[in-house]
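Asks: The listed protein sequences correspond, in order, to chains A and B. So in numbering that gives the first Met the number 0, spot 45 of the first sequence is number 44, and the numbers just go up one at a time. So in numbering that gives the first Met the number 0, spot 24 of the second sequence is number 23, and the numbers just go up one at a time.
Treat each hint with caution, since some may be false.
All copies of an identical chain are treated as equivalent in the list; a pair is satisfied when it fits inside any one copy or across any two copies.
Here are the simulated lysine-lysine pairs, DSSO-like style, with alpha carbons at most 30 Å apart [claimed, not checked]:
{"#": "1", "residue 1": "K3", "residue 2": "K224"}
{"#": "2", "residue 1": "K67", "residue 2": "K41"}
{"#": "3", "residue 1": "K67", "residue 2": "K190"}
{"#": "4", "residue 1": "K190", "residue 2": "K3"}
Hints are computed from structural coordinates only; laboratory data are not their basis.
Protein chains: 2
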Amino acid sequence: MQNKRLFLIPVGLAAEDSGDWAGAHVRNAVLPLRRFVVEHAKSARQFLKMMGLPLQELEFEVLDEHSKAEDLDRLACWLESGDDVGLLSEAGCPAIADPGAALVSRAHRLGMRVIPLVGPSSIVLALMASGLNGQRFAFNGYLPQSPAERDVRIRELEERSRRLDQTEIFIEAPYRNDQLFKALTANCTSKAMLSLATDLTSPTEEIRTRSIGDWQQSPPPQLHKRPTVFLLLADQARSPNRRTRSANVH
Amino acid sequence: MQNKRLFLIPVGLAAEDSGDWAGAHVRNAVLPLRRFVVEHAKSARQFLKMMGLPLQELEFEVLDEHSKAEDLDRLACWLESGDDVGLLSEAGCPAIADPGAALVSRAHRLGMRVIPLVGPSSIVLALMASGLNGQRFAFNGYLPQSPAERDVRIRELEERSRRLDQTEIFIEAPYRNDQLFKALTANCTSKAMLSLATDLTSPTEEIRTRSIGDWQQSPPPQLHKRPTVFLLLADQARSPNRRTRSANVH
Chain A
0 MQNKRLFLIP
10 VGLAAEDSGD
20 WAGAHVRNAV
30 LPLRRFVVEH
40 AKSARQFLKM
50 MGLPLQELEF
60 EVLDEHSKAE
70 DLDRLACWLE
80 SGDDVGLLSE
90 AGCPAIADPG
100 AALVSRAHRL
110 GMRVIPLVGP
120 SSIVLALMAS
130 GLNGQRFAFN
140 GYLPQSPAER
150 DVRIRELEER
160 SRRLDQTEIF
170 IEAPYRNDQL
180 FKALTANCTS
190 KAMLSLATDL
200 TSPTEEIRTR
210 SIGDWQQSPP
220 PQLHKRPTVF
230 LLLADQARSP
240 NRRTRSANVH
Chain B
0 MQNKRLFLIP
10 VGLAAEDSGD
20 WAGAHVRNAV
30 LPLRRFVVEH
40 AKSARQFLKM
50 MGLPLQELEF
60 EVLDEHSKAE
70 DLDRLACWLE
80 SGDDVGLLSE
90 AGCPAIADPG
100 AALVSRAHRL
110 GMRVIPLVGP
120 SSIVLALMAS
130 GLNGQRFAFN
140 GYLPQSPAER
150 DVRIRELEER
160 SRRLDQTEIF
170 IEAPYRNDQL
180 FKALTANCTS
190 KAMLSLATDL
200 TSPTEEIRTR
210 SIGDWQQSPP
220 PQLHKRPTVF
230 LLLADQARSP
240 NRRTRSANVH
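Take the sequences, apply the hints, and build the full model.
Replies: Written out as structure tokens, the structure is:
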């Protein structure tokens, strides 16, 4: 008997996404599915309708930041109770920077086959386009909300980036982006590189990489309420030949 | 005058890739391009031919692990000397775990617009499918080659994973995968979770997540010469509600 499958289905990043990033591989995998675990019902329905699925035939279960351990137990039973299931995040790749990983973990324990589909990840798009170190990087989620703690954390991240020669990636609630930008220019040293990737995959996409010193001397970027990925790389003597063994996976 | 553009073009991961992960967005962006900087000429030609480009009209420049600072200077001049350019890695997303980031950095300094296209990243596919922590993770490239240093590094990574509640991602040259797997089962504690993502996007794709203890009691996985992403998460009391502020970017 073939193992039951959990498909990890990416959703577009932009509000006006047309799904034109999705190739036949994604479409063919998604079309036969009728059962979905979703982070956000509205955006999931919108996406699946765009992919050509018959909404009235679909079953939905929700897994979001409010879900508790007992919800996961129930979802695990539901996974086992019928056909293949698709998992969708609100936007981007499920199980990265969203609550989906707990369900994927359950699927492994149930012996299901987990199949990730190719789609947009704002973290990866931002890192590719930053020109910062793509051989070593860390995604840190959100920084602390309190300004004092946030400033300490920013200085820690720059120090760690210098020590590990590692790009530090983080995010903020879009309405607080401008404050985070100000805090970065106030707390980082002038030669540190800061990349901002805003409105990825949308017609208003903007991706800029500058030193903190250059950012301080430029008109401030307009980030308010625009989804933005922040990437920081501390200054160090860098050259393409410095590393003896560079990574070569993709 | 519109800024010149550098398109970051993902390439399929599997040897027998048909490009069916690429949607109209990727195809439409790639088709008009005639100038490319590539990591590996053969795989780039193969991919661009599959995308329908007329090979005899294309110009190629190589940027690989042997490229030096003066090669980058020359490439930067070449970027400026003509139309839009595409950057391709040997496989997967350019400028992540490959030498491309240095060119992207030059493009930013030249004031070019950098446009990342959506495609497969083995790191992201492996992380999505692992069920391990996708709220905080670090990509570490290769571990040291010497067995003694590698074992120390493995123990450091498990310790850091526990301290930061962070998934540690790394790779190995495929012909040494079996040794790395043995070293992981010998050096990590039995409750640490190890995920192996092998032959991603290929018909022989296998993705398994188990505790080190379970791996020790299972028949060893067949990883020899099969591209594999390794993901490690140390044991800790984890629940979906533990974190007060979970990341929600995609």
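Asks: All hints are to be evaluated individually against the structure, with a verdict given for each.
Replies: Hints and how they fare:
1. K3 to K224: between (40 Å within a copy, 28 Å between copies)
2. K67 to K41: within (21 Å within a copy, 50 Å between copies)
3. K67 to K190: Close across copies (23 Å), not inside one copy (44 Å); limit 30 Å.
4. K190 to K3: Between. Shortest inter-copy distance 26 Å satisfies the 30 Å Cα cut-off; intra-copy 52 Å does not.
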